[in-house]
Every structure is written in structure tokens, then in C-alpha cells.
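J.: Now for the letters of each chain:
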Amino acid sequence: MVEADYLQTQVDKFVFKVKKNCYYTEDGIWVQVESGAGRVGVSDFLQQKSGDAAFVNLPELGTTLKQGQEMGSIETIKADVTINSPLSGVVQETNRELEIEPELINEDPYNEGWLVLVEMSDFESDRKNLLTAEEYFTVMKSQAEEEAKKR
Amino acid sequence: MSQKEDDKVLIIPCSGIGKAFGSVGREAMYMVVEELRPEETETVCLSLLTLGDEEAKDRVRRHPVITIDGCPKGCAEVNVESVGGRSAANFRVVDTYREHPELKVRSVLHLGEAGRKLAHFLARKVASQVDAIKMTEETIDG
Amino acid sequence: MVDLPKKKVGIIACAGEEIPEGTISRVAARMVLEELRPEDTVTLCLPLFLAGDERERAFARFYPTIAIDGCEKLCAKRATEKYSGPVSSNIVVDKLVQMRGLSPGQSRRELDETAQRAAEVVAQEIVNQVERILGKEKIVAAVPGVEETAPAGAGTACACVSGIPMTQVKIGDVSVGLVALEPIFEQFYQEGRQDGPGLDEDLLKTVKLYNYVPPSAEERYKAALLEEYEKFCRRKGG
Chain A
1 MVEADYLQTQ
11 VDKFVFKVKK
21 NCYYTEDGIW
31 VQVESGAGRV
41 GVSDFLQQKS
51 GDAAFVNLPE
61 LGTTLKQGQE
71 MGSIETIKAD
81 VTINSPLSGV
91 VQETNRELEI
101 EPELINEDPY
111 NEGWLVLVEM
121 SDFESDRKNL
131 LTAEEYFTVM
141 KSQAEEEAKK
151 R
Chain B
1 MSQKEDDKVL
11 IIPCSGIGKA
21 FGSVGREAMY
31 MVVEELRPEE
41 TETVCLSLLT
51 LGDEEAKDRV
61 RRHPVITIDG
71 CPKGCAEVNV
81 ESVGGRSAAN
91 FRVVDTYREH
101 PELKVRSVLH
111 LGEAGRKLAH
121 FLARKVASQV
131 DAIKMTEETI
141 DG
Chain C
1 MVDLPKKKVG
11 IIACAGEEIP
21 EGTISRVAAR
31 MVLEELRPED
41 TVTLCLPLFL
51 AGDERERAFA
61 RFYPTIAIDG
71 CEKLCAKRAT
81 EKYSGPVSSN
91 IVVDKLVQMR
101 GLSPGQSRRE
111 LDETAQRAAE
121 VVAQEIVNQV
131 ERILGKEKIV
141 AAVPGVEETA
151 PAGAGTACAC
161 VSGIPMTQVK
171 IGDVSVGLVA
181 LEPIFEQFYQ
191 EGRQDGPGLD
201 EDLLKTVKLY
211 NYVPPSAEER
221 YKAALLEEYE
231 KFCRRKGG
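Read top to bottom, the protein sequences are chains A, B and C. If you count by the working numbering, then the first sequence holds residues 1 to 151, one letter each, in order. If you count by the working numbering, then the second sequence holds residues 1 to 142, one letter each, in order. If you count by the working numbering, then the third sequence holds residues 1 to 238, one letter each, in order.
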């Protein structure tokens, strides 16, 4: 169900949701700011495009990340998806549930399917390279329409 | 020794029409029911349970059921449980895939070599579970 | 009737595991979805009517749906009508195969040559029904084993992956899930209808095509829909 927290669109066969009050990279990685830390995950469009997750490879706790740097990957039954960090900072927590239930990424990409929590070192700079939810919604819709044409 | 219908374990895969892993689960079921444990197992149309067919409901209530699901929606398990079926075990195709990630299955209709191999690995696990169920039943009866 | 973008026809196959005709229903459905009419058709696993939520159960209200059944138990047709909505057409494989003098084969697991031929015939009949529903071609004679019902409603997108678009709306104090609200709003917006007399009435009429609205609540629904639509237009920058 779509509630007030999400933007929603339908492209060809699919319905895609974008969570409001998050920032996004163009690749579809979201950031939710939580008291100086950033929770990171993949967007609904990215998880649908990638397929059912079978393995999730996340950085170790304490790893220093730089925005744009590769931080992990999701191996689905269709493809290997590289996840580039949307933030600079240090990995504070990783979602251990994904080791047993990687499908949380598909079932609940914006909540239970989160990937890492990052202690941010320079969000003011990082934010300049991120999109608002509304901006990502527009970008995502174009990407989805391009994908639909390929099918 | 031939088994009566009453002694059989039911193997019920998901419908599998939407995902390649659904086809793998279906094939694994047939491997068990027709090759590995033909005397001890049978299947039931999942669509009959969705419909609420009384005869199908009665069968899954009276026999132990092993379900096989091809995606996180878990249709086989949910449908069996929703009609009060005796769910003895649930297998997810993705768990077998995680043990054999080189076996990528791309098509729903055409399993290919990789799909059949994956189904085979899964079928062996299901067959072992059937054996475990039968052994438990014999222990209780004996 | 709203002409929602990219009309598609829903296909629900019983995919019954116990008999060859069930497997034929599954194979024929996939042939249409993957090879014969991929642009015009969508599917949903039948058991998702129980395992899924309202988004899956809205399938047949959103898409004109063809139910493909293996046998006279008619699981696909009856379960679709029980959980979702009336079907536009029903193909019964054992009847169709018999009428055409074909054989379903011996195996429920893998189709032999005769069963494959049967699947192709069923697939072609599904295509005929798809084209009838989309209004692309007149079907002159009804094919034995095929029951036609009401012609199509509108339909747009696939439910196999995402489910029907559904939006939560506050109607008074109650939160209600409404099917197809976003595509409806989009359609009105594209038609340039952002205000004006009768807008609330027309929104309600269109929403009622896909959702049940209690007669006593219609005024509340109209007010809520108008408010939601105004928010939608503001988001679009209109």
C-alpha cells in the first residue's frame, strides 16, 4: 500500500515507489539521515530491476567510505549489482539479517532491507551530489521508461 | 512395498509461472514424485487449495506436506497453511541456488542444463526430508 | 471508461501440477507472455490471490483477464472470480484439446510432441482472445472449449512483479486503499482537467470503475479525491 511517505509511479508493467525524505544517487541508492548518521539502501526501482537477491556483500564495520566508491554488491539470480557508497564516512552498522534473508531487499527495500548505517564525515558536501526524493523520482521514471523500451 | 494413498507425503511446489525459480521448484517436485520417491509421495494442484476445493483441503490436512517456493512470496507454504494443511517442511529454491550460484536459470519456460541440475540438487534434499518424515512416522507407529 | 495508458490483458493459468492439461495451461500461457504477445499481456501466479495482498487481488478488476484452466474444476476462473473479479474469457484445455482432436500427452511433467502441439493450439486461442479483448480483431466463430464473457475493461500494467498500483487515501477518519488512483489522476492531468465544475463527480465515477464505494460515503469520497488530486497536480507543478 502506498502511504503519504512515498511517491509512486507506474511504467509499463511495473509500479515503483520512492520514499520521501530520503536522498538518492542516480543509481538508485537511498540515504536516510538519522541524527548525524546515514542509513543506506537500494531503491524499489533498483531492486525490481536487479531481481531476487541471493547474496549480499557489505563492507566490514569500521570501514572508511568515500562517496562514489564501491562499497559492496548484491548478487541476484539475474545479475551482480555493484553498490557505490552515497556517503563519505565510517560504517557503523551493517544489516546482519540480510545474511539469512537477502530477500528483505526485495520485500522491503526502504525499511527492513536497509544495507548499512554510516557515520557521516561530510554530509554538507555529499548532499550536493545527491538528489532529493522528488528529483530522483523524475530520474527514476525516465530510467524505467528506457528499460521498458528495451523489453 | 507399495504405499497406500494414506501414507504418502505430499510435495507441493508454487505455481511458478512468474519466475524461473518457480519452474525449478516444479521440476524438483516431479523428480521426487516420479523418480526419487514415487511410492512415498504425490502432489496436489496448488490452484485447488487457492480455490478452496474441499477434497484438496482434506488431503493436505490428512497428509504431511512439503512445500517448495520459488520466490519470497511463499505461495505454496502460505496456501497450504491457510487451509489448515500439515506443513512438515518448506524449501526455498533460492537456498539451493545459494549453494550452487554457478547455476543461473534465466527462463521460466526453458530450464536448461543449469535449471535441471539445480532442480536435481533440490529434489535430493526434498527426498531426504521425505525419508525423515517417514522414519518419524514409523517410530511413532512402531 | 478511462483509456489508461498501454492497455494489457491479464492471463491467469491454473498451472495444475496433477494432470498434463495443467502443465499445458502453464506452457501455453508462457508462450503468449514471452513470445507471441509480450507487449499486450501480463500474468499473476494464481496462488498469490491468497499469499499476496489487495494489490494482487485487484488484478482482474484492473486488467481484462483470461483464465486458462486445465480441467472442469475451473480453478483459475473460479478463484479469480472469488478473489478478484469477473473474467473476460475462459479457456478450458481438456475441452479445447478434445474438440480439436488432439492429445494432452501422457506426462504432466514434460510435454511430448503431441502435447506440445496442444499447447501451441491453446496459445493461439489465448492470442485470439487477447486480440478480441483489445479490439484488434473480430473473432467470427466462438472456438469450442472457449467461453467468452463481457468485453474488456481498461488495464495497464503487470502484476507479476509489482502488484496493481494502490494508494492509501484518508476518507474521513478511515484510511482506504484505492486501486489505480495514480494512473487515473495522471490521465485526468494529461487531459488538462485540473479544475472546473464536475471534476469531483468525474473523479469519483472513474475511481468507482476499479473500487467499491459505499453509496452513503460518496460525498466524502468526492471531497477526499478532489483534495488528493489537487495535491497530485501541485506535485506535477500544475
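Hints were generated in silico from the structure; no laboratory data involved. All C-beta atoms, glycine included, are put in the ideal place defined by N, C-alpha and C. Some hints here could point you the wrong way.
Claimed, not checked - Pairs of lysine-lysine, DSS-like flavour, derived with a Cα cap of 27 Å:
hint: 1; chain 1: A; residue 1: 128; chain 2: A; residue 2: 149
hint: 2; chain 1: A; residue 1: 20; chain 2: C; residue 2: 231
hint: 3; chain 1: C; residue 1: 205; chain 2: C; residue 2: 222
hint: 4; chain 1: C; residue 1: 95; chain 2: A; residue 2: 141
hint: 5; chain 1: B; residue 1: 57; chain 2: A; residue 2: 78
hint: 6; chain 1: A; residue 1: 78; chain 2: A; residue 2: 149
hint: 7; chain 1: A; residue 1: 149; chain 2: B; residue 2: 104
hint: 8; chain 1: C; residue 1: 236; chain 2: A; residue 2: 49
hint: 9; chain 1: A; residue 1: 150; chain 2: C; residue 2: 136
Unchecked claim - Label-pair distances were calculated between CB atoms; the ranges are:
hint: 10; chain 1: B; residue 1: 95; chain 2: C; residue 2: 175; range: 30 to 38 Å
hint: 11; chain 1: B; residue 1: 95; chain 2: C; residue 2: 110; range: 21 to 29 Å
hint: 12; chain 1: C; residue 1: 109; chain 2: A; residue 2: 61; range: 34 to 42 Å
hint: 13; chain 1: C; residue 1: 218; chain 2: B; residue 2: 35; range: 35 to 43 Å
hint: 14; chain 1: B; residue 1: 58; chain 2: A; residue 2: 60; range: 33 to 41 Å
hint: 15; chain 1: B; residue 1: 100; chain 2: C; residue 2: 109; range: 19 to 27 Å
hint: 16; chain 1: A; residue 1: 57; chain 2: B; residue 2: 107; range: 24 to 32 Å
hint: 17; chain 1: C; residue 1: 113; chain 2: A; residue 2: 21; range: 36 to 44 Å
hint: 18; chain 1: A; residue 1: 21; chain 2: B; residue 2: 100; range: 36 to 44 Å
Said to hold, decoys possible - Here are some chain B residues pointing at chain C (derived, C-beta under 10 Å):
hint: 19; residue: 14
hint: 20; residue: 15
hint: 21; residue: 23
hint: 22; residue: 29
hint: 23; residue: 36
hint: 24; residue: 40
hint: 25; residue: 44
hint: 26; residue: 49
hint: 27; residue: 78
J.: Take a look at whether the Cβ-Cβ distance between residue 57 of chain A and residue 107 of chain B falls inside 24 to 32 Å.
T.: holds (26 Å)
J.: If I claimed the Cβ atoms of residue 109 of chain C and residue 61 of chain A lie 34 to 42 Å apart, would that claim hold in this structure?
T.: About 48 Å separates the Cβ atoms of residue 109 of chain C and residue 61 of chain A, which means 34 to 42 Å is violated.
J.: Residue 78 of chain A and residue 149 of chain A were given as a pair; does the straight-line alpha-carbon distance stay at or below 27 Å?
T.: holds (19 Å)
J.: Does the alpha-carbon distance linking residue 57 of chain B and residue 78 of chain A stay inside the 27 Å limit?
T.: Violated: residue 57 of chain B and residue 78 of chain A sit about 36 Å apart, past 27 Å.
J.: Let's test the interface hint: is any C-beta of chain C closer than 10 Å to that of residue 49 of chain B?
T.: holds (8 Å)
J.: Holds or violated: residue 23 of chain B as interface residue toward chain C, Cβ cutoff 10 Å?
T.: Hint on residue 23 of chain B: holds, closest Cβ of chain C at ~9 Å, below 10 Å.
J.: Is the interface hint satisfied for residue 14 of chain B? The criterion is a beta-carbon contact with chain C at less than 10 Å.
T.: Given a least distance of 6 Å, the restraint on residue 14 of chain B holds.
J.: Take a look at whether the Cβ-Cβ distance between residue 95 of chain B and residue 110 of chain C falls inside 21 to 29 Å.
T.: With Cβ atoms ~25 Å apart, the hint holds.
J.: Can the restraint linking residue 149 of chain A and residue 104 of chain B be considered satisfied, given a maximum Cα separation of 27 Å?
T.: Given that 27 Å is the threshold and the Cα spacing comes to 25 Å, the pair holds.
J.: Does residue 136 of chain C lie within 27 Å of residue 150 of chain A when you go C-alpha to C-alpha?
T.: holds (24 Å)
J.: With the threshold set at 27 Å, check whether the alpha-carbon distance from residue 236 of chain C to residue 49 of chain A stays at or below it.
T.: Roughly 25 Å separates the two Cα atoms, so the pair holds.
J.: Please check whether residue 100 of chain B and residue 109 of chain C have a Cβ separation lying inside 19 to 27 Å.
T.: Because 22 Å falls inside the window, the suggested range holds.
Violated hints, listed in ascending order, are 1, 4, 5, 12, 13, 14, 17, 23 and 24; each of the other numbered hints is respected by the structure.
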